[in-house]
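Residue numbers (our numbering), protein chains in the order written: chain A, 16 to 129; chain B, 100 to 210.
Just to be clear, a hint being listed does not mean it is correct.
Claimed, not checked - Subject to a maximum C-alpha distance of 20 Å in a straight line, what follows is the list of computed DMTMM-like cross-link-like pairs (lysine to aspartate or glutamate):
1. B/K197 with A/E94
2. A/K26 with B/E104
3. A/K68 with A/D53
4. B/K158 with B/E114
5. B/K197 with A/D77
6. B/K155 with A/E42
7. B/K209 with B/E114
8. A/K68 with A/E29
9. B/K169 with B/E153
10. B/K197 with A/D88
11. B/K158 with A/D71
12. A/K85 with A/D71
If you are wondering where the hints come from, they were derived from the structure by calculation, not from laboratory data. In this text the structure is predicted, and so the values were computed from the model without any measurement.
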Amino acid sequence: DAGITQSPRHKVTETGTPVTLRCHQTENHRYMYWYRQDPGHGLRLIHYSYGVKDTDKGEVSDGYSVSRSKTEDFLLTLESATSSQTSVYFCAIRPTSGGQETQYFGPGTRLLVL
Amino acid sequence: TQLLEQSPQFLSIQEGENLTVYCNSSSVFSSLQWYRQEPGEGPVLLVTVVTGGEVKKLKRLTFQFGDARKDSSLHITAAQPGDTGLYLCAGVRANAGKSTFGDGTTLTVKP
């Protein structure tokens with residue numbers, strides 16, 4: 016158990032509504048990631064963070080923003096949700112010890128945009 | 100263009116059969132991970148391979164990293180229904196700082 020929680024676990028919202036997903040870790044790891052998972056597309060990186068207030072874009076960042084004001088929390092915001100953002104969202108952390116790229120994933124947030 | 104190609108996309112076999120799943124790329128990776136994901140849960144790490152030609156075994160699972168560090172395979176011996184799940188490979192290129200995932204192989208093992 017890497018101490019990762021995501022909230023909410025399920026959400027239904029309407030097109031045009033802002034949505035914020037929260038990822039919380041208890042281990043003080045530096046690296047945190049947000050992915051989306053869709054059928055036939057595996058996991059695609061949205062944004063990631065390498066420290067407080069340090070974030071960068073992934074391969075599918077359009078329509079998403081992130082914030083990390085504390086080590087333990089990484090927030091993903093959909094400013095104006097669209098139906099194409101219906102997906103399962105996973106947060107991950109990466110311990111920096113050992114020099115390997117192992118990631119530990121949270122349980123996911125299932126988002127439905129109507 | 101998908102950086103990591105996994106094959107097959109779907110695999111349905113009977114309990115006791117052997118199988119191999121492939122993860123291929125034209126890029127060189129500094130490390131490659133295999134994850135297993137069950138429905139409704141996040142991916143869970145199975146193994147990390149780092150050295151070209153490396154072979155790692157995890158009970159009935161054998162993982163191999165290609166000599167050129169561009170591809171990898173996962174072989175399962177005597178598959179069991181508990182092996183059912185989505186198998187994902189993820190590669191990290193040197194100095195990239197982030198992983199790229201394949202689209203996964205969905206394995207179903209029938210009793």
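Problem set entry | Contradicted hints - numbers only | Hints 1, 2, 3, 6, 8, 11 are the ones this structure does not satisfy, whereas the remaining hints hold.
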